[in-house]
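In case you want the letters, here they are:
There are 2 protein chains.
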Amino acid sequence: RFVNVSRITRKCKLGEEQVSSIGRGLCVLLGISVDDTPRDAEYIVRKILSLRLFEDESGRSWSRSVMDGNLEVLCVSQFTLQCVLKGNKPDFHCAMPAELAQPFYNSILEDMRSAYKPELVKDGKFGAFMQVHIQNDGPVTVELTSPSSLTDLKQMAKQEKQQQRKEKTRAKGPAESGREKGSQRSRQDPSASSGAEGDVSSEREP
Amino acid sequence: RFVNVSRITRKCKLGEEQVSSIGRGLCVLLGISVDDTPRDAEYIVRKILSLRLFEDESGRSWSRSVMDGNLEVLCVSQFTLQCVLKGNKPDFHCAMPAELAQPFYNSILEDMRSAYKPELVKDGKFGAFMQVHIQNDGPVTVELTSPSSLTDLKQMAKQEKQQQRKEKTRAKGPAESGREKGSQRSRQDPSASSGAEGDVSSEREP
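Listed in order, the protein sequences are those of chains A and B.
All the letters of the first sequence, read from the start, carry residue numbers 6 to 211 under my numbering.
All the letters of the second sequence, read from the start, carry residue numbers 6 to 211 under my numbering.
These aren't lab readings, by the way, just hints derived from the structure by calculation.
There is no bait here: all hints are sound.
Which copy is meant is left open, so a pair is good if it fits within one copy or across any two.
Result set (DMTMM-like, lysine to aspartate or glutamate): computed pairs, CA atoms no more than 25 Å apart in a straight line:
#  : residue 1 : residue 2
1  : K127      : D116
2  : K91       : E62
3  : K94       : D116
4  : K127      : D73
5  : K91       : D73
6  : K91       : E47
7  : K127      : E22
8  : K94       : D61
9  : K94       : E60
10 : K130      : E47
Quantities reported herein were computed from a predicted structural model and do not represent experimental measurements.
Bound conformation, chain A alone (with noise of 0.2 Å):
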């Protein structure tokens, strides 16, 4: 659920034999928790694919996808990103056990694979311990979080009441509905729209 994206201009690689590596495109942590199920993976794999962090050929910035430009996936799979801290000792519990997370994992690059293309998308040792070199092009990172868990289906839940709401008072006649529309964003949701209408920032060097 909680995965970590860095973007990559040049390289890439995993431990010091060589384990995996990429060039240009981006090094994947992912951090599966334990209530995440196959939406989630779902989710993540067209963020990843989709997500447009490079710029194009004019030089625009958080214009192109990893898909649009012909790039590289290096997964890596990264329980840690699933700490919770009891005072400052991190504690994995919400980390979904290594069993059942690894064939998750696959299916999270079985699932990459089929959506884009198999060749260009690379994973590491699942479980192993490895020195990941990573060559942080910005540096540009970005946290994804997939929409789904307990908090988020109430959220979700709520939500479906509030649209239910905005469309009986639609019924009635179409005022507030915009209004409406904006209270509805939700801070567990990264996807969610920022409700705002000007997006000076998006062009904003790193």
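Got chain A; can you put chain B on it based on the hints?
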């Protein structure tokens, strides 16, 4: 508010001309949000220095912090961590504008240096375009989120009310206080106790 921490055993360096570099320690990517306050900075500084991401002499994982081991910290500003997605395009209106974020970033560095050893805290060039070479050891990557923000403030207000209610209940009799304690856990606050009594997974290797 969103902070990405990578464990480094060998090297992390900034830029081709090596603007800055560290050996064993933590590489910290700092995403400062529009609504961050000195309280967030204080929390983040404390957690970075005290997080137990390193092993001790006997090889016991998750037992030593940067401070315990006299290790280095490299801090890099990274506004892209504040990204929200508008479809597949990143939008950064939640990031603190550069003219405010720069002094905020500098104050975080100052706080960290005065809380620790100034010579062990390195930084990058604020807002500069750089190649960040991260040799992530494990890999071990952790996300830190400071507790404040509008949503969290609401959450805290709610918790305070619960606390008050609990204290009222306690005044009447001690029943149920344990159960209520559990219900105060917040998904947004990674420092919140996991609630699990066992700590089985915390010795797990990446």
